[in-house]
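Protein chains: 2
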Amino acid sequence: MKDLIIATGNKGKFQEFEYLFETYSPAKNFAENLIFAPDIAKLIAMPGGRQVEETGKTYAENAMLKARAWAEKSGLPCLADDSGLEVEALDGRPGIFSARVAEGQEVKWILNELKNIEKLEDRRAKFAASLALCVPDEFILITEGFCNGVIIKEARGSGGFGYDPVFVPDGYEKTFAELDSKIKNSISHRTNAFLNLIQKVKG
Amino acid sequence: MKDLIIATGNKGKFQEFEYLFETYSPAKNFAENLIFAPDIAKLIAMPGGRQVEETGKTYAENAMLKARAWAEKSGLPCLADDSGLEVEALDGRPGIFSARVAEGQEVKWILNELKNIEKLEDRRAKFAASLALCVPDEFILITEGFCNGVIIKEARGSGGFGYDPVFVPDGYEKTFAELDSKIKNSISHRTNAFLNLIQKVKG
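The listed protein sequences correspond, in order, to chains G and B. In terms of my numbering, the first sequence opens at residue 8 and continues consecutively. In terms of my numbering, the second sequence opens at residue 8 and continues consecutively.
Don't read these hints as lab results, they were simulated from the structure. Keep in mind it's a predicted model, so treat the numbers as computed, not measured. Just so you know, even glycine gets a beta-carbon here, dropped at the ideal spot from N, CA and C. Treat each hint with caution, since some may be false.
[As the list claims (entries may be wrong)] Pairs of lysine-lysine residues, derived as DSSO-like cross-links and limited to a Cα-Cα distance of at most 30 angstroms, are as follows: (1) K64(B) to K49(G); (2) K207(G) to K122(B); (3) K80(G) to K209(B); (4) K181(G) to K133(G); (5) K207(B) to K20(G); (6) K64(G) to K133(B); (7) K126(G) to K115(G); (8) K209(G) to K35(B).
[Stated by the list, open to error] From the derived model, a few chain G residues whose C-beta atoms are all more than 12 angstroms from chain B: (9) G16; (10) K18; (11) E25; (12) E29; (13) K35; (14) D46; (15) E93; (16) V108; (17) A109; (18) E110; (19) N123; (20) S137; (21) R163; (22) F168; (23) K181; (24) V208.
Just chain G, with the same shape it has in the complex (with noise of 0.2 angstroms):
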């Protein structure tokens, strides 16, 4: 495998796919061979990162709707990423919906969900993510990985994006917005399907 497109439009992801694999890839060098998919959508004629539409009720179909999407229209490998955040109070809400329900505002929008839940321990919460590995004409692999924790009550931190500012990870006291992204790298839902992905792949 040689190019390896990462199907997102957010380009905080990509930079993020491009730590996990110098970090964690068994491939020397292979973040070198990540095309970030906005470079690459006008010569395949696909539209933008995000506009695949995620009609899947799990993370998983919606990774490998993305992924697969992308891999047939340009014959490349292509990972693609679908994760969200769900809160215990909220029955498992927003989940797949994470990125939709109320885009650029998720904090505003879940401190005011939780605004009635004192009680910290009340507020948990967990990240998941599913990644998706489609190599055209071979496979698509699929991985999960979790990270859990509680929504704090006011914002926290610049870093990460979406809900980052709002989630203490479990044995952390700072949130995901506030740590370090090299911390937040070796915890993350993310990083735990992708290290899950990179077992399976390197078998």
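Guided by the hints, dock chain B onto chain G, whose structure is given.
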């Protein structure tokens, strides 16, 4: 991997998988570890094989939905398939609806759909199959396979199921329903998907 659930309610399909594992699996005698889904359904409170709702828009999605549902309920590795017949003159129909478009009346239905198409070369079709192997907490692996051929004008043979009596694969003169099952099972769409899967799992 010890036990493996085959997520189908169709005994004929289960037996095809037994044959495929006996013939192609690198793990000796692995076919003995296969579990016919209905045999375990009551133990794990799952309804029959076909009862997992096939809400996907592709074979791959439906195979994944079935494999994952059974794997999650049972905690065991699970293999599911979804397949269909794509007729060129019908713009790829019946496709993912192949098993639902005329249950038990597939042959009658397809002959009627194509009744005005005289030349065999205009009656080209392909069988497509996706297999999904879900190993709980590890990965989901999806592969595809195809078999090209033509839809003849009258049913012939009593083997197989579904559209087999009217499908003649390229390079043969007999229908899937007339061919010795060993021959069918060396060239079929399901076999090709299975070989792709085995190759990846072996590695």
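Hint by hint, here is what the structure shows:
1. Taken as a hint, the K64(B) and K49(G) pair is honoured in the structure, with Cα atoms around 26 angstroms apart against an allowance of 30 angstroms.
2. Restraint check: the Cα-Cα separation between K207(G) and K122(B) comes to about 48 angstroms, which exceeds 30 angstroms; the hinted pair is violated.
3. Of the supplied pair hints, the one linking K80(G) and K209(B) holds, its CA atoms being roughly 29 angstroms apart against a limit of 30 angstroms.
4. Taking the CA atoms of K181(G) and K133(G), the gap is near 15 angstroms; set against the 30 angstroms cutoff, the hint holds.
5. Taking the CA atoms of K207(B) and K20(G), the gap is about 28 angstroms. The hint holds against a cut of 30 angstroms.
6. Under the criterion of a C-alpha separation no larger than 30 angstroms, the hint pairing K64(G) with K133(B) is consistent with the structure, at around 28 angstroms.
7. Proximity of K126(G) to K115(G) is assessed by CA-CA distance (about 19 angstroms); at most 30 angstroms being required, the pair is judged to hold.
8. With a C-alpha separation of about 24 angstroms, the suggested pairing of K209(G) with K35(B) holds against the 30 angstroms cut-off.
9. With 12 angstroms as the threshold on Cβ separation, the claim that G16(G) sits away from chain B holds: the shortest Cβ distance comes to roughly 22 angstroms.
10. At roughly 28 angstroms, the least C-beta separation between K18(G) and chain B is larger than 12 angstroms, which holds for a residue marked as non-interface.
11. With a closest Cβ-Cβ approach of about 23 angstroms to chain B, E25(G) is found to remain outside the 12 angstroms limit, as its non-interface label requires.
12. A cut-off of 12 angstroms between C-beta atoms confirms that E29(G) is not in contact with chain B; the least separation is 23 angstroms.
13. Once the 12 angstroms rule is applied to beta carbons, K35(G) is consistent with being away from chain B; the minimum gap is 20 angstroms.
14. Listed as a non-interface residue, D46(G) keeps its Cβ farther than 12 angstroms from every Cβ of chain B; the least gap is roughly 27 angstroms.
15. For E93(G), the condition that its CB be more than 12 angstroms from all CB atoms of chain B holds, with the nearest at approximately 15 angstroms.
16. Every beta carbon of chain B lies more than 12 angstroms from that of V108(G), the smallest distance being close to 21 angstroms; the non-interface claim holds.
17. For A109(G), the requirement that its beta carbon stay farther than 12 angstroms from each beta carbon of chain B is met, with the minimum near 26 angstroms.
18. Every Cβ of chain B is farther than 12 angstroms from the Cβ of E110(G); the closest lies at roughly 24 angstroms, confirming the non-interface assignment.
19. Look at N123(G): its CB is around 32 angstroms from the nearest CB on chain B, clear of 12 angstroms, so calling it non-interface holds up.
20. Residue-level check failed: S137(G) sits 9 angstroms from the nearest beta carbon of chain B, not beyond 12 angstroms.
21. Interface exclusion of R163(G) from chain B stands, the closest Cβ pair being 32 angstroms apart, more than 12 angstroms.
22. The Cβ of F168(G) lies farther than 12 angstroms from every Cβ of chain B, with a closest approach of about 26 angstroms, so its non-interface assignment holds.
23. At the 12 angstroms boundary, the C-beta of K181(G) stays outside the reach of chain B, the nearest C-beta of that chain being 28 angstroms off.
24. With a least beta-carbon separation of about 9 angstroms from chain B, V208(G) fails to lie farther than 12 angstroms from that chain, contradicting its non-interface assignment.
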